[in-house]
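Peer 1: Sequence:
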Amino acid sequence: MDDKMKKYVICGHYGVTNLGDEAIGIGLIQAIKEANPGHEVVVLSYDKDRSKAFYDKYLPEFGVKTAYLVPLGIRSFFRGIFKGGLKNTIKQIKSCDRFILGGGGLFTDERLYAVFLWGLQAFFALWLGKPLYLIGHSVGPLKTRVGKWVVKKIFNKAEFISVRDSDSKMVLEGCGVKKEIHVLCDLAMMVNLPNKKIVQNDPNKYFVLTFRDWDEKLGEMNKKIVQAVSEIVEKYKLRPVFIPFQLVKENDTEVLNKKIVQNGSLEKIVIQSYQDNIFEILEQIRGAKFVVGVRLHSLIFSSIVGTPFVGISYSKKVENFMDEVGLGKYCLKNNEFDGDLLESKIEGMIKDSAHIREILAKNIPLAKEKAKIVLGKVLK
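All residue numbers in the sequence shown are consecutive under our numbering, ending with 383.
Do not rely on the hints blindly, as some may be mistaken.
Said to hold, decoys possible - Pairs of lysine to aspartate or glutamate residues, derived as DMTMM-like cross-links and limited to a Cα-Cα distance of at most 20 Å, are as follows:
1) Lys208 with Asp355
2) Lys336 with Glu346
3) Lys375 with Glu327
Unchecked claim - Quick list of the computed label-pair ranges, beta carbon to beta carbon:
4) Lys90 with Trp152: 29 to 35 Å
5) Trp130 with Arg242: 42 to 48 Å
6) Asn366 with Lys238: 49 to 55 Å
7) Gln278 with Leu75: 28 to 34 Å
8) Glu234 with Lys160: 31 to 37 Å
9) Met173 with Leu129: 21 to 27 Å
10) Ser347 with Asp326: 18 to 24 Å
11) Glu64 with Glu283: 17 to 23 Å
12) Ala117 with Lys160: 16 to 22 Å
13) Met173 with Lys373: 17 to 23 Å
14) Gln230 with Pro368: 35 to 41 Å
15) Ala117 with Gln33: 22 to 28 Å
16) Gln230 with Ile376: 43 to 49 Å
17) Leu129 with Val273: 29 to 35 Å
Calculated from the structure, these hints are not laboratory results. For each residue, glycine too, the CB sits at the ideal point set by N, CA and C.
Start from the sequences and build out the full structure, keeping to the hints where you can.
Peer 2: Written as structure tokens, this is what we have:
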């Protein structure tokens, strides 16, 4: 293999229909190919066939290959043994030059299984003697001793570390990570938008909503969101458009339907069917007057295209992102959530929308350029 051309194995939360994670994957792949178009890319995914179809559809020029994640559960382990998935995964890792784990919020023990799953991927690559690159992470909360131990061991063995917010850097340092830690933007911000824009029939006549289920407390928040949004709809005569960001495992549309039935409101809402065309969704968000989002990447998508937004935090990573882009005042934290406060923040955001667009127009290009320079050197 030419010394300048490398084989990268990318491992992350791919193949589960999560638009945010798929955008992270696209941004990372595009960054690798910009560093050197000759680099080969293999993505380890929950569902290699779904991921293969996705990349062939949206990145056909890159010839991305896919394989399964290293199995942790019993079902995935037996599938790997009897259907050859594990053998292929080992083959791809053994033949790679660099192993990238990332990005996204993989290392948190809010759901402890995640720490073990992603820890296994990293340790397996290290066991096979591969250089480990940890790119685009948010880390924490980490409340358990085992979670902190796994993170410390993995990150101290990495060749390169980047996180997507300053708080994650502090969490890693608190765990005892001694390596240099770069703070760069979320990898989804690295997505190159197509030159051809999609023309919206009714720009600024609608706003976008996103929901998700996380825990019982968030379920109650979703109900209050529907109530607050109903007031905004009546006051500003805008059409709410719901965009689902995940279909498998967490079905965002089911969450919304349940809350509308319980609350008996938002009859005018347009419930969009799930689609995986990230570029079209970005253009749809560009045409919206604003976004009210629980899904982190609905806020990140908004920042990419310069659309004002209010973020509703179900996890610290949402608050961290809002602070990083300079819009922390428009984030509702989990412990302070109130329907009236949400309505007030939305109204404040609408009045301040011109200033918000200026903040995004200044901060986002700077963040992208910084990431492009650093990753361009690392991935070449």
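Peer 1: Now tell me if each hint is right for this structure.
Peer 2: Okay, the hints, checked on the actual structure:
This hinted pair checks out: Lys208 and Asp355 have alpha carbons roughly 17 Å apart, not beyond 20 Å. About 14 Å separates the Cα atoms of Lys336 and Glu346, which keeps this hinted pair within 20 Å; it holds. Taking the CA atoms of Lys375 and Glu327, the gap is about 17 Å. The hint holds against a cut of 20 Å. Look at Lys90 against Trp152: about 30 Å separates their beta carbons, and that is inside 29 to 35 Å.
Between Trp130 and Arg242 the beta carbons are some 53 Å apart, a value that contradicts the proposed interval 42 to 48 Å. For the hinted restraint 49 to 55 Å between Asn366 and Lys238, the CB-CB distance of approximately 29 Å leaves it violated. Here the CB-CB span from Gln278 to Leu75 is close to 30 Å, well matched to the stated 28 to 34 Å. Distance hint check: the CB atoms of Glu234 and Lys160 are about 52 Å apart, inconsistent with the given range 31 to 37 Å.
Our hint of 21 to 27 Å for Met173 and Leu129 holds, since their Cβ atoms are close to 25 Å apart. Roughly 20 Å separates the CB atoms of Ser347 and Asp326, a value that falls within the hinted 18 to 24 Å. Between Glu64 and Glu283 the C-beta distance comes to about 19 Å, which sits within the given range of 17 to 23 Å. A hinted range of 16 to 22 Å for the beta carbons of Ala117 and Lys160 is consistent with their spacing of about 19 Å.
Between Met173 and Lys373 the beta carbons are some 19 Å apart, a value that agrees with the proposed interval 17 to 23 Å. Evaluation of the 35 to 41 Å hint for Gln230 and Pro368 yields a pass: the beta carbon distance comes to about 37 Å. Between Ala117 and Gln33, the C-beta spacing of about 26 Å keeps the proposed range 22 to 28 Å intact. Evaluation of the 43 to 49 Å hint for Gln230 and Ile376 yields a pass: the beta carbon distance comes to about 45 Å.
As the Cβ distance of Leu129 to Val273 is approximately 48 Å, the hint placing it in 29 to 35 Å is violated.
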